[in-house]
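Based on these hints, arrange chain S on the given structure of chain Z.
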Amino acid sequence: MIRVQQEDFDVGQELAALTEGNHAIGGVAVFVGLVRDMAGGAEISAMTLEHYPAMTEKMLGEIEAEARARWPLEASLVIHRYGRLEPGEQIVMVVAASAHRQAAFEACEFLMDWLKTKAPFWKLEETGEGAQWVDARDSDNAAAARWTKRDPDAAE
Amino acid sequence: MKLLYFAWLKTKTGRAEEDVTLPEGIATVGELLAWLEGRGPGFADALADRRAIRVAVNQAYAQPGDPVRPGDEVAIFPPVTGG
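Note that the protein sequences, when read in sequence, are chains Z and S.
Residue numbering for the first sequence follows the working numbering, starting at 3 and increasing by one per position.
Residue numbering for the second sequence follows the working numbering, starting at 76 and increasing by one per position.
Only chain Z is shown next, with the shape it has when bound in the complex (with noise of 0.2 Å):
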């Protein structure tokens, strides 16, 4: 299931709503991610995220459908929030339930990997000398990497 919203979301419940009633899920693996108050050493107030909707909600869905393709999962939840937040915040929360762990973390990973890199979202920084939009890091790419050399379809 995938949810773009300008709201905040309840971890727990969410995760209850999730496996509700599946009892074949023997492993949930859970990422949240939050507003960070500092950045390359400059102190932010605040950040606002924008998006394209129309193709955020379409590279969500095909992400999710290749995790759902690559692990056995039994559910899986992709929530990320748009608009302006505070330090402390939650953006985005990913879930992956199977019915074992490797699976699960795996397919956490694998989602956050790719959404990173894929799903249409910028993040525009507010500090004391201005706003400033971040810049995609090289990392972020490198991690999102790996899952296209695990791919056994893929050529090596």
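None of these hints come from the bench; they were simulated from the model.
For each residue, glycine too, the CB sits at the ideal point set by N, CA and C.
It is possible that part of the hints are untrue.
[Said to hold, decoys possible] Derived pair list, reagent style DMTMM-like, types lysine to aspartate or glutamate, alpha-carbon separation capped at 25 Å:
| id | chain 1 | residue 1 | chain 2 | residue 2 |
| --- | --- | --- | --- | --- |
| 1 | Z | Lys120 | S | Glu99 |
| 2 | S | Lys77 | Z | Glu91 |
| 3 | S | Lys85 | Z | Asp142 |
| 4 | S | Lys87 | Z | Asp140 |
| 5 | Z | Lys120 | Z | Glu91 |
| 6 | Z | Lys60 | S | Glu92 |
| 7 | Z | Lys60 | S | Asp147 |
| 8 | S | Lys87 | Z | Glu64 |
[What the hints assert, rightly or not] Far from chain S by the CB rule (all over 12 Å, computed), these chain Z residues:
| id | residue |
| --- | --- |
| 9 | Val30 |
| 10 | Ala56 |
| 11 | Trp73 |
| 12 | His102 |
| 13 | Ala121 |
Leaving out everything else, chain S in the frame of chain Z:
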């Protein structure tokens, strides 16, 4: 064709979206970018470094050689930074 601009591309071009009529002979993403670049200093600055921009045609990532057609929705934006 509908054009959308996000993040600093919106700032530099001075617009979030617009409808444009494609001139004759523009059939690919690369040709579209080259045409847009010639529309003024804001566009030239925004599109100067092609490695710093991504293009989506009808909400799917596209490469310079991919086709564009009059009814398409084309979005231009920097590499994504969500999550």
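A quick look at each hint next to the structure:
no.	hint	in the structure
1	Z:Lys120 <-> S:Glu99	violated (32 Å)
2	S:Lys77 <-> Z:Glu91	violated (34 Å)
3	S:Lys85 <-> Z:Asp142	holds (24 Å)
4	S:Lys87 <-> Z:Asp140	holds (24 Å)
5	Z:Lys120 <-> Z:Glu91	holds (22 Å)
6	Z:Lys60 <-> S:Glu92	holds (20 Å)
7	Z:Lys60 <-> S:Asp147	holds (16 Å)
8	S:Lys87 <-> Z:Glu64	violated (31 Å)
9	Val30	holds (19 Å)
10	Ala56	violated (5 Å)
11	Trp73	holds (19 Å)
12	His102	holds (26 Å)
13	Ala121	violated (5 Å)
Comparing the model with each numbered hint stated earlier shows that hints 1, 2, 8, 10 and 13 do not hold.
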